[in-house]
Amino acid sequence: MRTVDMRKDGLDALKAHEGEEMEVTGCLGERYIGCGMKSGILHVEGTPGNALGSYLDGGTIYVDGNAQDATADTMNSGLVAIRGSAGDALAYGMRGGRVYVLGDAGYRAGVHMKAYEDRKSTLVIGGRTGSFLGEYLAGGIIIVLGLGDEQRDITGYFCGNGMYAGTIYLRTERTPLNLSDKLVRRNVDEEEKERILKPIIEDFASVFSLSADRCMSGSFIAIEADESKSYSQLYAAV
Amino acid sequence: MDRRYRIRKDDGCISCMRCARECSFGAIEAGEDRTLILHHDKCVDCQRCVSFCPTGAIFITEDGNRFRGNGVFGESDMKEIFLQARTGGVLLSSMGAPGRNVPIYFDRMLLNASQVTNPSIDPLREPMETAVFLGQRPERIERDGSGRLVDNLPPHLELRTPIMFSAMSYGAISLNVHKALAAAAEKLGTYWNTGEGGLHESLYPYKRSTIVQVASGRFGVHATYLNTAAAIEIKIGQGAKPGIGGHLTGKKIIGDVSRTRMVPEGLDAISPAPHHDIYSIEDLAQLVMSIKETTDGRKPVIVKVAAVHNIAPIASGIARSGADIISIDGFRGGTGAAPKRIRDNVGIPIELAIAAVDQRLREERIRDRVSVIASGGIRNSSDVVKAIALGADAVSIGTAALCALGCHICASCHTGRCAWGLATQDPELTKRLDPEEGAARLGNLVKAWTSEIKEIMGGMGINSIEALRGNRRALKGVDLNAKELEILGIGYAGE
Numbered sequence: 001m002r003t004v005d006m007r008k009d010g011l012d013a014l015k016a017h018e019g020e021e022m023e024v025t026g027c028l029g030e031r032y033i034g035c036g037m038k039s040g041i042l043h044v045e046g047t048p049g050n051a052l053g054s055y056l057d058g059g060t061i062y063v064d065g066n067a068q069d070a071t072a073d074t075m076n077s078g079l080v081a082i083r084g085s086a087g088d089a090l091a092y093g094m095r096g097g098r099v100y101v102l103g104d105a106g107y108r109a110g111v112h113m114k115a116y117e118d119r120k121s122t123l124v125i126g127g128r129t130g131s132f133l134g135e136y137l138a139g140g141i142i143i144v145l146g147l148g149d150e151q152r153d154i155t156g157y158f159c160g161n162g163m164y165a166g167t168i169y170l171r172t173e174r175t176p177l178n179l180s181d182k183l184v185r186r187n188v189d190e191e192e193k194e195r196i197l198k199p200i201i202e203d204f205a206s207v208f209s210l211s212a213d214r215c216m217s218g219s220f221i222a223i224e225a226d227e228s229k230s231y232s233q234l235y236a237a238v
Numbered sequence: 001m002d003r004r005y006r007i008r009k010d011d012g013c014i015s016c017m018r019c020a021r022e023c024s025f026g027a028i029e030a031g032e033d034r035t036l037i038l039h040h041d042k043c044v045d046c047q048r049c050v051s052f053c054p055t056g057a058i059f060i061t062e063d064g065n066r067f068r069g070n071g072v073f074g075e076s077d078m079k080e081i082f083l084q085a086r087t088g089g090v091l092l093s094s095m096g097a098p099g100r101n102v103p104i105y106f107d108r109m110l111l112n113a114s115q116v117t118n119p120s121i122d123p124l125r126e127p128m129e130t131a132v133f134l135g136q137r138p139e140r141i142e143r144d145g146s147g148r149l150v151d152n153l154p155p156h157l158e159l160r161t162p163i164m165f166s167a168m169s170y171g172a173i174s175l176n177v178h179k180a181l182a183a184a185a186e187k188l189g190t191y192w193n194t195g196e197g198g199l200h201e202s203l204y205p206y207k208r209s210t211i212v213q214v215a216s217g218r219f220g221v222h223a224t225y226l227n228t229a230a231a232i233e234i235k236i237g238q239g240a241k242p243g244i245g246g247h248l249t250g251k252k253i254i255g256d257v258s259r260t261r262m263v264p265e266g267l268d269a270i271s272p273a274p275h276h277d278i279y280s281i282e283d284l285a286q287l288v289m290s291i292k293e294t295t296d297g298r299k300p301v302i303v304k305v306a307a308v309h310n311i312a313p314i315a316s317g318i319a320r321s322g323a324d325i326i327s328i329d330g331f332r333g334g335t336g337a338a339p340k341r342i343r344d345n346v347g348i349p350i351e352l353a354i355a356a357v358d359q360r361l362r363e364e365r366i367r368d369r370v371s372v373i374a375s376g377g378i379r380n381s382s383d384v385v386k387a388i389a390l391g392a393d394a395v396s397i398g399t400a401a402l403c404a405l406g407c408h409i410c411a412s413c414h415t416g417r418c419a420w421g422l423a424t425q426d427p428e429l430t431k432r433l434d435p436e437e438g439a440a441r442l443g444n445l446v447k448a449w450t451s452e453i454k455e456i457m458g459g460m461g462i463n464s465i466e467a468l469r470g471n472r473r474a475l476k477g478v479d480l481n482a483k484e485l486e487i488l489g490i491g492y493a494g495e
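Taken in sequence, the protein lines are chains A and B. Be aware that the first sequence starts at 1, since it is given in the numbering used here, and climbs by one per residue. Be aware that the second sequence starts at 1, since it is given in the numbering used here, and climbs by one per residue.
Since no wrong hints were added, every one of them can be taken at face value.
Computed footprint of chain A on chain B, listed as stretches where at least three residues anywhere in the stretch have a Cβ under 8 Å from a Cβ of chain A:
#1 215-227
#2 259-271
#3 282-290
As a list, the in silico DSSO-like pairs of lysine-lysine whose alpha-carbon atoms are at most 30 Å apart:
#4 A/Lys-38 / B/Lys-207
#5 B/Lys-251 / A/Lys-120
#6 A/Lys-229 / B/Lys-340
#7 B/Lys-251 / A/Lys-182
#8 A/Lys-193 / A/Lys-229
#9 B/Lys-187 / B/Lys-431
#10 B/Lys-207 / A/Lys-120
#11 B/Lys-79 / A/Lys-229
#12 A/Lys-229 / A/Lys-120
#13 B/Lys-340 / B/Lys-483
#14 A/Lys-182 / B/Lys-340
#15 A/Lys-229 / B/Lys-42
#16 A/Lys-229 / B/Lys-251
Source of the hints: derived by calculation from the structure; they are not laboratory data. Just so you know, even glycine gets a beta-carbon here, dropped at the ideal spot from N, CA and C.
Okay, chain A solo, but in the shape it has when bound (with noise of 0.2 Å):
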């Protein structure tokens, strides 16, 4: 495996070799790593900046520390897993791949997150996220474990402002703070833990290499837009 040194080669030398797999040693904060990747996988050591993996294409990016704000903005397939945690607006209009983070997020998660065809947008959080997580939702998946904090709140105020499409699942039974009166609330059935979270969770622990059933455990609900409330009744034309 080719090793870049963060420091002495910089971004272009991870532009060079795209496609192959490499070990990106010595960040302190260096900004877009993995824009726009198309293939290949990176293994981030130290602390990434800002924009890690915007655009990401198709390619892998493991970090093994913290991500900072802006991961994975406007990705379009492939897969970032992160051991830390992650900053703000991440994942932000997210259209497909998988983003997970084993510590917290920050701030706007998941915000305007979407599904197209086969693709369909995974995000998945360990820990705890800030508020306003997936606002705007259009689509795909949310998951948030909220591991170890399992008596407290595990997501901030706004939760799902604006949601149009696409769950929240969350490992809790506290409604979010301020629920927005359109979206609702329901329970999640065994059925549907073992056919729609099942799959994702086994594949977030085996990233991380944790206890899937661990992170199964507990009961789950779920946060959806109220079809019966969409935007287009806010209107009147002239």
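Please build the complex by placing chain B on the supplied structure of chain A, with the hints as guidance.
Same frame as chain A, but now just chain B:
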């Protein structure tokens, strides 16, 4: 009954039923025995029936029955109140802000010409340069060890005429309109703009004439899309609806619109009001740079904003964000759908915005770091010349381009029933526009304007757009107060 127009016909009618076939709003219906059933309340005054009547027998008049109001509350105020009292809805409208209550400054500025003291130029006999380069200018000339010039030119756009086509998305307008715009732009040596709805694959061959847009919804945005373009535009706002997002109804997300936007059929496409990954100039700089990374720094990045109160410092921030071009859309900019109160009350006229931005960037000595594109109510070639003399590098036209394709500004785009086949996805209607003929008409329009621009410049003794840009001495104001003259940076006529 809410009725704005009345459909009339005279003795010339031969009952051919053409008008009924052309009407897409259900205002004219063919009854039994070749009689016409008129539903005046459904007429939007698109003039399609009038244009196609073979005998010129049909005409549309304004409905004579008016609410007089009281001089404060006018007829439209009352009708809007009635509508909102009935529906509880936000008023939805389309096209640009109408009316002249807000001054059209283009009409209050007059152009100069040469007399005696300097010769005018005849563009028919002498070379006249209308080419414009958009992008950052290198700050200094660099030479290598042997004294040869180093090519340190950042990526740029080259326009053969300073007129581009504004961003209009596939979904808001039809694929045939996109085809016409793309083909015309290629032939004219200028650029068309996809808007935020993605780029249909059949138009990939026009990549060298295409500007692709990245808006808050990120519809159809992926690495290949970013690389299938001459430039990438980050859309922050548009003149018709500054500060608010967009909402393309699921009814228009069908077939190829769905595929191109990469959202499921029938699902609404919502563009959030802000980009939620841009809350500051620093965040903007980051998105600019991430696009440059994805395109290997080979393409200029445009940032489009609406002309709002703080436009000068905003433009300064954009210039420092690493963007190559700022596109400013004025108060009168058009739209496929916008809340009426926003369209008619938010933002500032483009003329004032251009002058304020150009002035500010010059004062901060960063004018050469960015080019400025102006849009929002450019109606003819003299508006183009005035916009450039105020400080724009180029302009873009949306409504004028649509008019070249048949639009009669009935402002019904948001209904999706455009009788001219432009702002609709109904296959029966979209086929009314032949893209080749449309491209030819757009080509004619821009060619005509370019000839007029040459003539106007020649009259002033100026032989290049470069020399016209920011040349405010070419302009004098009439019917303007001292503050307006100060902001526009021009003198009063006769001064």
